[in-house]
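Undergrad: Here is how the chains run, residue by residue.
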Amino acid sequence: MTVWNQLEPLLGKVQKPARYIGCEDGSQTPEHTPEAAAWLLAYPDTYEIGLPNQGLQILYEIINERADGVAERTYAPWIDLEAEMRAAEVPLFSVDSHRAAADFDVLAFNLSAELTFTNLLNMVDLAGCPVRSADRAADDLLIGAGGHCTYNPEPIADFLDFVVLGDGEEVVGRITEVVAAWKADGKPDRISIHRALAGIDGVYVPALYDAVYGDDGMLLETTPNDPAAPDRVEKLTVADLGEWPYPKQQLVPLTEVVHDRLNVEVFRGCTRGCRFCQAGMITRPVRERPAEQVRTMVAEGLKRTGYDEVALTSLSTADFSGIEEVVRDTVNDPDCGGQISVSLPSLRVDAFTVGIAGEIQKARRTGLTFAPEAGSWRMRQVINKLIREEDLYAAVRSAYSQGWRRMKLYFLTGLPTETDEDTLGIATLARNCIEIGKEFHRNPSVTVSLGGFVPKPFTPFQWFGQNTREELQRKIFLLRDELRRDRGIKLKWHDPKASVAEGILGRGDRRLGAVIEDVWRNGGTFQEWSEHFDLDRWTAAIERAGLREEDLVYRHRTEGEVLPWDHLSAGLHKDFLWQDWRDALDEVGLEDCRWTPCYDCGACTGYGIEHVVASAVPPAGGSQGTGQDRTHGGEVPVTLLPTNRRDPVGAGTA
Amino acid sequence: MNLRIRFTKTGKIRWTSHRDLARIWERVIRRAGLPVAYSQGFSPRPKVHFGLALSTGHESLAEYLDVDLDPDDPRVPTAADLVALPGRLSAMLPAGIDVTDVVELHGPTTSLQQAVVSCDWTVEIRDVAPEQVGPAIDRLLAADELTVTRQRKGKDVTDDVRPYLLHLAVVGPTEHGTEIEAHLATQPRGLRISELIALLDVGGTEGRVRRLTQWTLLDGARIEPLAGSSGATSAPHATKRAS
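If you're matching them up, the sequences are chains X and A in order.
Position 230, counted from 1, in the first sequence is what the working numbering calls 718; the numbers after and before it change by one each time, with no gaps.
Position 19, counted from 1, in the second sequence is what the working numbering calls 5; the numbers after and before it change by one each time, with no gaps.
Treat the hints as calculated values from the structure; they're not laboratory data.
Note that the structure is a prediction, hence the values are computed from the model and not measured.
Note that CB positions come from ideal geometry on N, CA and C, so glycine has one too.
It cannot be assumed that every hint is accurate.
If we take Cβ atoms under 8 Å as the criterion, some of the chain A residues that face chain X in the derived model are [to be verified]:
| hint | residue |
| --- | --- |
| 1 | W1 |
| 2 | V34 |
| 3 | H35 |
| 4 | L38 |
| 5 | R175 |
| 6 | E192 |
Take these sequences, add in the hints, and give me the full structure.
TA: Below, the structure is given as structure tokens:
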């Protein structure tokens, strides 16, 4: 059962062997039984990247609480161990009980980044399972996937038996039931489990659909080939985060990982409406965790884990109702001995936010990060990141005056309608920040971090033709040259080649399957890692597959065009997205719908759910500088927390 | 108040690094509510001191850790707390790390790094029979000088390591090879197990390596690092594999 005895002699030959031993505080070694569906939950990147993944940890606990399911975890073995494993014929294993992957019923991946797709194939192969679902025998592993990348699963449709769209907390139980029943039947054939899975809301079974192409190579439709498959698969949304206080036993790794701290999710979803942001579009509506539950999870989590840092996670944590109280209570908790630091990823750009940051970082004021995303107000209206320059400068002034010396500013380049004037606007913003800094310090520094924009499915920019690699490179160098003589400003940028590969995978259709398999077979794993990434592998594979980079990445899509993900739904009406795309081109911004009238994007009304926020008014300090009229509010379906969680306030159009 | 803690590192957990172990201890000390003293300055660090590093992959029955506590903190453990502390800490630590003793250090003490002069080891050499290892050991012990070339500050340096070999003998065959016991000096630089195996020059690969005891000197006599403070304690001689 366990491969530990075969694995252990290999560990002395590889880097960081602690990644493969499990033994974390919070890890479980459940008893496998013939009645229980056995899940091997996988993150297709290294342990250091994968272990902190909260989605995987949540499902791990929920499945292991069930009588009819068990779950263990696995991560991509680094290249050195993979070579040793293949030489010694050691299969992919769980880190919990070091059981071979083939001893499980389901191998399910969390997909958070497109460039990990080849690692998925590699892990399926290491598990001893055929990489294509069509080649699998009745009792082979069921290969599943969930996570943000599965909103367009078509590029990897050939490799997956099932895909979950949206929040996994509830559906993972339904899948467990179905798989356990299939197992009890002796796993008679593949089609019966495919049909049963397709009958679960939110579960997409690619094998039960055909993609039809026209003579010109354009996708005509993706349509069911089996009566068990619905025409359209809708995403799943957990209505009340308060019912899911997971992870309850966050894993505490024995070796260093990213985000090595306690993580407490304070809300899910975001309605800021930034048009480039896939996460903000597909996770709507906003569902806050009750503040009291956040406090409990923080206090108990710190006590249990021994961590001295907690991150309050969400897509925009300063928007959490009661954020100030929660932060103050944590920092001042006498049980924590005053040594606890709180980190707030994804901060809004305004002085209010800096105030909260000041509350937290009393001792160490090293650096603060803001994400204005674009260099001009015009550009920021196009992308709907409505930060006015005065908001940014107020935030920066507040930060410098409170002792911070280093600012990091995140920007995107290659945005729709972007001109060189917009790009150079980044230099102006950075210079003005330095000037403000000089009022307080001798040598203020600003780091400008520039990423190439990659349009994503289910966003208003899904129709936009991505900038070419040459164009992105030109813009990066334009800014680099502009800032060459500026003291205190440092420019960093993301490799435009990686943006191209992301673009290829993000919006591709099923024909990409051959490309991904080709790249994997030629050794292209760990493409997220710059030392292993190689764009040439991808362009060569695209050519071999008879496809064109131009069609996949740089071409503007048209209104009537069938998109590879049209048979899937993130709850957003396609005409809402199209209208938002037109508004973007007209440079019209859209305010946050939590406190303004509903735009009927579909995320609430389509599923009969609502925003769950504790405050009927926008947080102090303005709503990211939208300057919106705050007398409005409560005209959207909003449930107030925590006093009246069940009663919608106001008109409620749901 | 300063504590010296002795603990084991056996089984799967031996694949964690020295640095990993430091982080594990930092969290456990916090969980246990030990009022550790912090250094002064811009970024205060807990005053926790480790002894000789153990190579990743090696086991040990005798690792040590010194923890300085804030004497003014009301949570400073009483004598009764100290008795219960090994059990409490072990319960919070990962499987394979067990606290076998905790003593209070009195008066000025030398750091573990400086105080420890030698260690006892058992070393498994895989794929080599005892009959091959025995003569090789005799040859090493008979030598007046054994030179090892090492990289130091980017330069090759040749050291005579014969003085580090205090005792060396074959224990017997194992499932996969031969087990030897070694008593190796640690000052000023020590001799690595991998270097010892290379010196034996009988081929084979390093199998299970376990540190049994660390020794300090008190008036010329060998004692364990916490014996001087709490009276005589001997290292546990458990040899059972933990995994």
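Undergrad: Does each hint fit the structure? Answer for all of them.
TA: Hints, verified against the model:
1. W1: Holds: closest Cβ of chain X sits about 4 Å from W1(A), inside 8 Å.
2. V34: 13 Å, violated
3. H35: 19 Å, violated
4. L38: Interface hint status for L38(A): violated (19 Å vs cutoff 8 Å).
5. R175: 23 Å, violated
6. E192: OK, holds: E192(A) within 8 Å of chain X, min 7 Å.
The structure is inconsistent with the numbered hints 2, 3, 4 and 5, although it conforms to all the rest.
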